[in-house]
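**Q** Here are the chains, one letter per residue:
There are 2 protein chains.
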Amino acid sequence: MKKPEIVLLGSGHVATHLGHALMENGNKICQVFSRNILHAQALSNQIMCHKYTDKIQDLYDDADVYILALSDDALLDVSKKISLKKSNQIIVHTSGSIPMTVLENSAANYGVFYPLQTFTKNRKVDFDQIPICIESSNEWVLQTLLDMASELSSKVYQIQSEQRLALHISAIFANNFSNYMYQIAEKILHAHDIPFEILKPLIRETAEKVMEGSPAEMQTGPAKRGDVLTIEKHTAFLSSSPTYKEIYQLISTNIHNQYSK
Amino acid sequence: MKKPEIVLLGSGHVATHLGHALMENGNKICQVFSRNILHAQALSNQIMCHKYTDKIQDLYDDADVYILALSDDALLDVSKKISLKKSNQIIVHTSGSIPMTVLENSAANYGVFYPLQTFTKNRKVDFDQIPICIESSNEWVLQTLLDMASELSSKVYQIQSEQRLALHISAIFANNFSNYMYQIAEKILHAHDIPFEILKPLIRETAEKVMEGSPAEMQTGPAKRGDVLTIEKHTAFLSSSPTYKEIYQLISTNIHNQYSK
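Chains as they are written, first to last, in this note's numbering: chain A, 1 to 261; chain B, 1001 to 1261.
Just so you know, these hints were derived from the structure itself, not from any lab. Take these hints with a grain of salt, some might be off.
[Stated by the list, open to error] Restricting the straight-line Cα-Cα distance to at most 25 Å, the calculated cross-link-like pairs of lysine to any residue (SDA-like) are: (1) B:Lys-1187 to A:Ala-216; (2) B:Lys-1200 to A:Met-211; (3) B:Lys-1261 to A:Pro-242; (4) B:Lys-1261 to A:Leu-238; (5) B:Lys-1245 to B:Met-1211; (6) A:Lys-187 to B:Glu-1162.
[What the hints assert, rightly or not] If you want the footprint, here are the derived chain A segments under chain B, 3+ residues with CB under 8 Å: (7) 60-66; (8) 161-168; (9) 179-185; (10) 204-210; (11) 219-232.
Where a beta carbon is used, it is the ideal one built from N, C-alpha and C, also for glycine.
Start from the sequences, fold in the hints, and give me the full structure.
**A** Given below as structure tokens:
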């Protein structure tokens, strides 16, 4: 089967990593769009495409799949301005939070192609290990997207719009908020002349433990044990950082309530 | 140099993992104490010691190092009842939160031997990668503990009592609270028929990213970007879980404030 030819809209982390993965998989990228022409040019050169634009009206009109890897704001704006004419063209977006139906007026065939990972510039990720969440307006779109996704990743899921929102929120807890917990830890350490290095084995082990068991079984610490004296000592210690103290108390209370039921 | 002979007090996760590591290193464990005689017996058999007691007055009096790997409550109680007679004996505890001086009346030589890791029953850890934090009442104790620790681990730190409290609190954020974020994620997923499996690559990558850079540089997500629409959509979604909503809002606000300064 011929690999779909793609127009890639966006030049941020998702567009960049997805563009590289598609290129390495042998997909032809026909064009890169970005509202910033320099970003469009840079990405199109990186992924051996060399065609780019910053104008919706100049989009190449003969591709198979149009991927909108844009911020949610830009996605809502750009999707309104696109109208694909051919009956075998597909438009998809990569957002965790936006329903698929935002694309229903942009083409006869539409869907979602949501890679669930935290992307950072200059950090290579193994795309094969990134879950790709697919949603589609019809069976033919579903099959096309499943084929595309399974060439990039061994972890492909069908996820409907409401589930995807739940998944995105879960990812914020598991990723954004965990990383913020690491940040607080680093700030407390540095205030006491201790290198962040010392916590790395603990952080790695905390993540590795839940590869094998439910996080509910892996919980440890004074809040779970109901060790009131230790919790009081810690909140007293944090009294000079009201924000950290508030977070410490709120999470400790919730952990304690869960395990004392 | 002759390896110190050890009496191990405790039978919980820290005592168990430390006992195994000491045995595997060739240290002689003379005796295991636990207030629960069955636990004392079980651990002493596991680590090829076969001598155990549940009575402080029956502690073997000729060991080199007495390790109190006890809960904080038990540590405060047991330390009051121990009084080592010989001038070359050392007593240490393994607690993150208790000052070293709690042992000053238990022996002429005292210190802290705090392994910074999350221990779980039936999960093998690589002790060589566990930071061991040392504190000591004098130079001779320091050298003895550094020698002991460096035979078990390649990561040995000297950490004073106030620093150790800061370190313990940091570890609670980085470990206990991150794990609780994973728990919330798992609960939201299960409520929407999505397997926790899907988040595992993201959790692993979140931890791996901070092996190479500061968590402050690795932060991503709607709160950092100030994406108010997405945050409102998420808090509306969480309105049926007031606890999760409260945590979501508090952490998002703090992330946002940090990056909008």
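**Q** For a C-alpha distance cap of 25 Å, please report whether Lys-1261 of chain B and Pro-242 of chain A respect it.
**A** Answer holds: Lys-1261 of chain B to Pro-242 of chain A is near 18 Å, not above 25 Å.
**Q** Does Lys-1200 of chain B pair with Met-211 of chain A here, judged by a C-alpha cut-off of 25 Å?
**A** Roughly 6 Å between the alpha carbons, so the hint for Lys-1200 of chain B and Met-211 of chain A holds.
**Q** How does the coverage statement for the stretch 179-185 of chain A fare against chain B, requiring three or more residues with Cβ below 8 Å from a Cβ of that chain?
**A** Holds: 7 residues of the stretch 179-185 of chain A have a Cβ under 8 Å from chain B.
**Q** Given the hinted pair Lys-1261 of chain B and Leu-238 of chain A, is their alpha-carbon gap at most 25 Å?
**A** holds (22 Å)
**Q** With the threshold set at 25 Å, check whether the alpha-carbon distance from Lys-1187 of chain B to Ala-216 of chain A stays at or below it.
**A** holds (9 Å)
**Q** Okay, the stretch 60-66 of chain A and chain B, do three or more residues pass the C-beta test at under 8 Å?
**A** Answer violated; 0 residues pass the 8 Å Cβ test.
**Q** Test coverage of the stretch 161-168 of chain A by chain B using CB-CB distances below 8 Å; three residues minimum.
**A** With 6 residues closer than 8 Å to chain B, the stretch 161-168 of chain A meets the three-residue bar; holds.
**Q** Test coverage of the stretch 219-232 of chain A by chain B using CB-CB distances below 8 Å; three residues minimum.
**A** This one holds; 10 residues, not fewer than the three required, reach chain B with a Cβ under 8 Å.
**Q** So if I understand the rule, the pair passes when the alpha-carbon distance is 25 Å or less; does Lys-1245 of chain B with Met-1211 of chain B pass?
**A** violated (30 Å)
**Q** Under 8 Å between beta-carbons, do enough residues of the stretch 204-210 of chain A, three at least, approach chain B for the coverage claim to hold?
**A** holds (count 7)
**Q** If you draw a straight line from the CA of Lys-187 of chain A to the CA of Glu-1162 of chain B, is it 25 Å or shorter?
**A** The hint holds at about 15 Å.
Comparing the model with each earlier hint shows violations of hints 5, 7; every other hint is respected.
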